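Protein chains: 2
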Amino acid sequence: MYKINEDYLKLPGSYLFSTIGKKTAAYKEKHPDKDLVRMGIGDVTQPLAPAIIEALHKAVDEMGSPETFHGYAPDLGYEFLRNAIVKNDYQARGCDIAADEIFVSDGAKCDCGNIQEIFSKDNKIAVCDPVYPVYVDTNVMAGRTGTYDAVKETWSDVIYMPCTAENNFSPELPEKTPDIIYLCYPNNPTGGAITKDALQVWVDYANKVGAVIIYDAAYEAYISEENVPHSIYECEGARGCAIEIRSFSKNAGFTGVRLGFTVIPKDLEVNGTKLHALWARRHGTKYNGAPYIIQKAGEAVYSAEGKEQLKKQVAYYMNNAAYVREGLKDAGYEVYGGVNAPYIWMKTTNNMTSWEFFDYLLENANVIGTPGSGFGPSGEGYFRLTAFGTYENAVEALKRIRAL
Amino acid sequence: MYKINEDYLKLPGSYLFSTIGKKTAAYKEKHPDKDLVRMGIGDVTQPLAPAIIEALHKAVDEMGSPETFHGYAPDLGYEFLRNAIVKNDYQARGCDIAADEIFVSDGAKCDCGNIQEIFSKDNKIAVCDPVYPVYVDTNVMAGRTGTYDAVKETWSDVIYMPCTAENNFSPELPEKTPDIIYLCYPNNPTGGAITKDALQVWVDYANKVGAVIIYDAAYEAYISEENVPHSIYECEGARGCAIEIRSFSKNAGFTGVRLGFTVIPKDLEVNGTKLHALWARRHGTKYNGAPYIIQKAGEAVYSAEGKEQLKKQVAYYMNNAAYVREGLKDAGYEVYGGVNAPYIWMKTTNNMTSWEFFDYLLENANVIGTPGSGFGPSGEGYFRLTAFGTYENAVEALKRIRAL
Numbered sequence: 001m002y003k004i005n006e007d008y009l010k011l012p013g014s015y016l017f018s019t020i021g022k023k024t025a026a027y028k029e030k031h032p033d034k035d036l037v038r039m040g041i042g043d044v045t046q047p048l049a050p051a052i053i054e055a056l057h058k059a060v061d062e063m064g065s066p067e068t069f070h071g072y073a074p075d076l077g078y079e080f081l082r083n084a085i086v087k088n089d090y091q092a093r094g095c096d097i098a099a100d101e102i103f104v105s106d107g108a109k110c111d112c113g114n115i116q117e118i119f120s121k122d123n124k125i126a127v128c129d130p131v132y133p134v135y136v137d138t139n140v141m142a143g144r145t146g147t148y149d150a151v152k153e154t155w156s157d158v159i160y161m162p163c164t165a166e167n168n169f170s171p172e173l174p175e176k177t178p179d180i181i182y183l184c185y186p187n188n189p190t191g192g193a194i195t196k197d198a199l200q201v202w203v204d205y206a207n208k209v210g211a212v213i214i215y216d217a218a219y220e221a222y223i224s225e226e227n228v229p230h231s232i233y234e235c236e237g238a239r240g241c242a243i244e245i246r247s248f249s250k251n252a253g254f255t256g257v258r259l260g261f262t263v264i265p266k267d268l269e270v271n272g273t274k275l276h277a278l279w280a281r282r283h284g285t286k287y288n289g290a291p292y293i294i295q296k297a298g299e300a301v302y303s304a305e306g307k308e309q310l311k312k313q314v315a316y317y318m319n320n321a322a323y324v325r326e327g328l329k330d331a332g333y334e335v336y337g338g339v340n341a342p343y344i345w346m347k348t349t350n351n352m353t354s355w356e357f358f359d360y361l362l363e364n365a366n367v368i369g370t371p372g373s374g375f376g377p378s379g380e381g382y383f384r385l386t387a388f389g390t391y392e393n394a395v396e397a398l399k400r401i402r403a404l
Numbered sequence: 001m002y003k004i005n006e007d008y009l010k011l012p013g014s015y016l017f018s019t020i021g022k023k024t025a026a027y028k029e030k031h032p033d034k035d036l037v038r039m040g041i042g043d044v045t046q047p048l049a050p051a052i053i054e055a056l057h058k059a060v061d062e063m064g065s066p067e068t069f070h071g072y073a074p075d076l077g078y079e080f081l082r083n084a085i086v087k088n089d090y091q092a093r094g095c096d097i098a099a100d101e102i103f104v105s106d107g108a109k110c111d112c113g114n115i116q117e118i119f120s121k122d123n124k125i126a127v128c129d130p131v132y133p134v135y136v137d138t139n140v141m142a143g144r145t146g147t148y149d150a151v152k153e154t155w156s157d158v159i160y161m162p163c164t165a166e167n168n169f170s171p172e173l174p175e176k177t178p179d180i181i182y183l184c185y186p187n188n189p190t191g192g193a194i195t196k197d198a199l200q201v202w203v204d205y206a207n208k209v210g211a212v213i214i215y216d217a218a219y220e221a222y223i224s225e226e227n228v229p230h231s232i233y234e235c236e237g238a239r240g241c242a243i244e245i246r247s248f249s250k251n252a253g254f255t256g257v258r259l260g261f262t263v264i265p266k267d268l269e270v271n272g273t274k275l276h277a278l279w280a281r282r283h284g285t286k287y288n289g290a291p292y293i294i295q296k297a298g299e300a301v302y303s304a305e306g307k308e309q310l311k312k313q314v315a316y317y318m319n320n321a322a323y324v325r326e327g328l329k330d331a332g333y334e335v336y337g338g339v340n341a342p343y344i345w346m347k348t349t350n351n352m353t354s355w356e357f358f359d360y361l362l363e364n365a366n367v368i369g370t371p372g373s374g375f376g377p378s379g380e381g382y383f384r385l386t387a388f389g390t391y392e393n394a395v396e397a398l399k400r401i402r403a404l
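Respectively, the protein sequence lines represent chains A and B.
Each residue of the first sequence is one higher than the one before, starting from 1 at the first, in the numbering used here.
Each residue of the second sequence is one higher than the one before, starting from 1 at the first, in the numbering used here.
Derived by calculation from the structure, the hints in this document are not laboratory data.
Be aware that a few hints might be false.
Identical copies look the same in the list; a pair holds intra-copy or inter-copy alike.
In silico DSSO-like links for lysine-lysine, alpha-carbon gap of 30 Å or less [stated by the list, open to error]:
hint : residue 1 : residue 2
1    : Lys312    : Lys87
2    : Lys329    : Lys312
3    : Lys23     : Lys152
4    : Lys347    : Lys399
Nothing here was measured: the structure is a model prediction, and the numbers come from that model.
With the rest of the complex left out, here is chain A (with noise of 0.2 Å):
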């Protein structure tokens, strides 16, 4: 008889998002009536800009003929994606990345669940607390977390690194060494940012410790900020000890459209294995390339009309995130993040735990938001809302966050 997968079972509940939607749901269902203010997942909203929808066009019309058709993509991408990336998001900050050491993919999600895969099962994991929950439910799903404490909501095997209101959001360096460093920044849930200085710190432990760091840089398109680095290969030694994975979800609108990529150097490697060539031999067997039209759509975002017309779209974000950060303050709210990233987190209010300020917000306010909690025990008591409405949504949600 077929066995399934323990691991799988380990997991508690069921995902952050489907909760909250279920709770949402519930809600509409008994208040028909009521208009509902959408700031929990982080979905963009503003349609794709013009330069990617004429790309789209274009390669879609190459499609239809035989001349320009294009079948099986390259394993790693395009490479005039590859090129693009390379100049663009690398070269162009002084990073000392190649074309072959990008791999194209549908997205940073999938990169960042699938990467663990090829490490280790005895590998210690650390992770900040809160944390994207992709990081640590993957690694459980592998095996790699131990057994779960139901009331800590923490797994054994897991180190994790608190980042609070009490340390600035910035984590410590781990008392315990760990093989393998998850790091988000411009951070998701927080909002939070690191500095040039403070990620070298970072990398200088890894290299020093055998770590290897997986680097999520899918909110890089929003640093406002001079000191803040917009890839970990700014800082000197990270071609040896970081992979960094990146996306076009949030620089670009492309949540619907699905292209990522990640960075492998050349230069990682452990005995005499390069990381690599493990992860290209992943690409060959278990993926078939993103499509053809996805990865022109992703050239363009890198065409000059492209790049002008996104930097308006990231802007509209980050107006919004001023906004309601300023917003929240003048009423009197705890808040952090929203100028590096799209995402503001804030205290609840009266000792209320990040699932009652939840329902406080949706049965007073009809505002969504999600629970600090959902991302790690550290977020207990706070509470995070993302820019990705329209402005109008924005000025709502204040407006009655401020009549509470």
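Since the structure of chain A is provided, determine the placement of chain B on it from the hints.
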């Protein structure tokens, strides 16, 4: 110090088609004047059908407007596509499959590769020999296949089911009892098909011994004979033992568009755990859906115009297959397949090994095919040609082979 997944290192050599690519490139460099006819990799060459191009353009326009923009897709895929699949691929054939048992993905290769993840590492797999390499390789990477015998080219913990001319490429039920059985019909690489009665034997066997069948039906559109099932769910009891994987790559030319789906009936359970729930959890945690515009292209495959146009496209490739099959027979070759599948499976001549025959055809006819031994030891002495090229190329290849 972090460690890698040692199971990855067990994989012998590189992926079959990389080797063919390298050999071809080397020959081309030495003989730049030679015009090669490529019948190796199973990539399509006809452009997307007009109905699909139209649907893509329309969906692209939707993404450019705030009212019709689409962000994150539903985890399992859009209803419009899942409904079209169920209606056309299942209900129309009398198969009892519901829309919420369909998981839309970016292709059958990913699904074939990832599906093993929901099963225990202790499960024993059975595969046909020869076989599509992805089934075995992904189980190697998961540590499920034991040790490799480089002489026999087999894994100690894999049950091989030889498919040769002697058994008409229909494997016997295995002597050792497997937990997971991979079946692919119409078959890649042998081009063979299975009758409904013969498939029923497998379903009954799986139900009897408590095995699960992973049924890869990627070539279903090429079935031309009456008694050949298009889905395993045409067999009685299949809902209790079978997962079916489908692709849009070969019926609609989507190799560079990327769309597929997996069917997991809710009846499939072991010790009270539904496989449906496990795969849903994987989709929710490690995947973010196929692009909206690609799912709209998939919907167009099932439109009246789409069906009409794609019937012609499939007929075009099958005309190539018939031409090559009959031409080779006339020329005295021993040939199989090409009736219900776009693959021709031929015996090598003069006791040449598969790779010797590859070199012989490359050098003397400038025709590229795939060595049968690349698909497993029982493929030795065979050679695969695909019908996915143009008719002109099929004619040219035959002319050259006849002249040998």
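Homomeric proximity label, Lys23 with Lys152: Cα distance no greater than 30 Å: The answer is within: 23 Å in one copy meets 30 Å, while 57 Å across copies does not.
Status of Lys312 relative to Lys329 across identical chains (alpha carbons, at most 30 Å): within (25 Å within a copy, 64 Å between copies)
Copy assignment of Lys312 with Lys87, given that the CA separation must stay at most 30 Å: Intra 21 Å, inter 44 Å, cutoff 30 Å: intra-copy only.
Intra- versus inter-subunit Cα pairing at 30 Å for Lys347 with Lys399: within (18 Å within a copy, 77 Å between copies)
The structure is consistent with each of the numbered hints, conforming to all of them.
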